[in-house]
Amino acid sequence: MASPIWQTKFGLFARLECVCDQENSVSQQSNLSLAEVYERYLSRAIADPWTRVLLEFASPKPGERVLDLACGTGSVARQVAPMVGVSGQVLALDINSEMLDVGRAQPPPAGASILWQEGDATRLELPDDAFDLVLCQQGFQFFPDRVGSGREMRRVLRDGGSAVISVWQSLNSHPVYEALFTETARLLDVPTTDVDVAFSLSNSEELYTLLSEAGFQYIEITPRALSIRMSEPERFVQFSILGAATSVPAFASMDAVERLVLVEAVRDETHAIVQHFRDGDFLAFSMETNIAIVK
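Numbering-wise (the working numbering), the sequence shown opens with residue -9 and increments by one.
These are computed hints drawn from the structure, not numbers from a lab.
Computed from a prediction, not measured in an experiment: that's the story for all the values here.
Take the hints with a grain of salt, since some may be wrong.
Stated by the list, open to error - Each computed EDC-like pair below joins lysine to aspartate or glutamate, with the alpha-carbon atoms no more than 16 Å apart: (1) K285 / D149; (2) K285 / E88; (3) K285 / E210; (4) K51 / D122; (5) K285 / E203.
Unchecked claim - What follows is a list of derived Cβ distance ranges for each label pair: (6) R176 / G150: 19 to 29 Å; (7) H266 / V137: 31 to 41 Å; (8) T212 / D149: 43 to 53 Å; (9) G205 / P181: 28 to 38 Å; (10) R148 / H261: 29 to 39 Å.
Just so it is clear, CB atoms sit at the ideal spot from N, CA and C, and this is done for glycine as well.
Based on the provided sequences and hints, a complete structural model is requested.
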């Protein structure tokens, strides 16, 4: 049976013509994997500036052993490595091997060497008391067992160590993403919660409770906002959906053709609001996060 996106947006012949045109366009434009799209567009525009904020809270020190949990393509790992220096250690861990491959391929930073490792945050194959600092930027909300993952963070921290965790605030605080995910959910005929996983742990009280249940005794949660500028605004929808396919099941389960057709449909329906945030050759908007320091 055809999915709703095929039924509501395109007939059979229009579908085939559109897919061929889009496939040719995408291959000519970039020929990038999903993980490479994430690194070049989402990581550099969003993760990198937010990493600097995260590290202000974490205050890494020379010689510390650091775990970058749900590292993606390694924004946090690469920025923390010079801060802990050659006497420090950095382990970048993610469940997605393609993201790790892209991370490894980036120019290595100064300071500590980065060890890239595939692993599951809910069952860390790491020894107790192994790290001085655990950092988790925009990964905690994706873990299927959040309390279990929190316990694993606590287990691998040494006595006196700390973890710093960031999660996005609510979707309605991010109108351009609210429009994108609301329209996506409508076209796919699924609940918005199936596609807005990145914004699914926005309640600071829920975050506090989860971390308390994980065994942390000291928990401090601070809201922060940051202005973001993203290049190539005309490709915002395309890159956002392709980047989300690295971690959101509703996107990851689609084949490349389905994703391309979805991109075209969502781009048409969200054009007005995307243009509202356009500033010349960039999109400019604020993003808001909750940052938890726990011990």
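Comparing the hints with the structure gives:
1. K285 / D149: With a Cα-Cα distance of about 9 Å, the restraint between K285 and D149 holds, given a limit of 16 Å.
2. K285 / E88: Given pair K285, E88 is violated - Cα atoms ~31 Å apart, limit 16 Å.
3. K285 / E210: holds (9 Å)
4. K51 / D122: Given pair K51, D122 holds - Cα atoms ~9 Å apart, limit 16 Å.
5. K285 / E203: holds (13 Å)
6. R176 / G150: 19 to 29 Å: 49 Å Cβ-Cβ, so the 19 to 29 Å window is violated.
7. H266 / V137: 31 to 41 Å: For V137 against H266, whose Cβ atoms are near 39 Å apart, the range 31 to 41 Å holds.
8. T212 / D149: 43 to 53 Å: violated (24 Å)
9. G205 / P181: 28 to 38 Å: Because 32 Å falls inside the window, the suggested range holds.
10. R148 / H261: 29 to 39 Å: About 51 Å separates the Cβ atoms of R148 and H261, which means 29 to 39 Å is violated.
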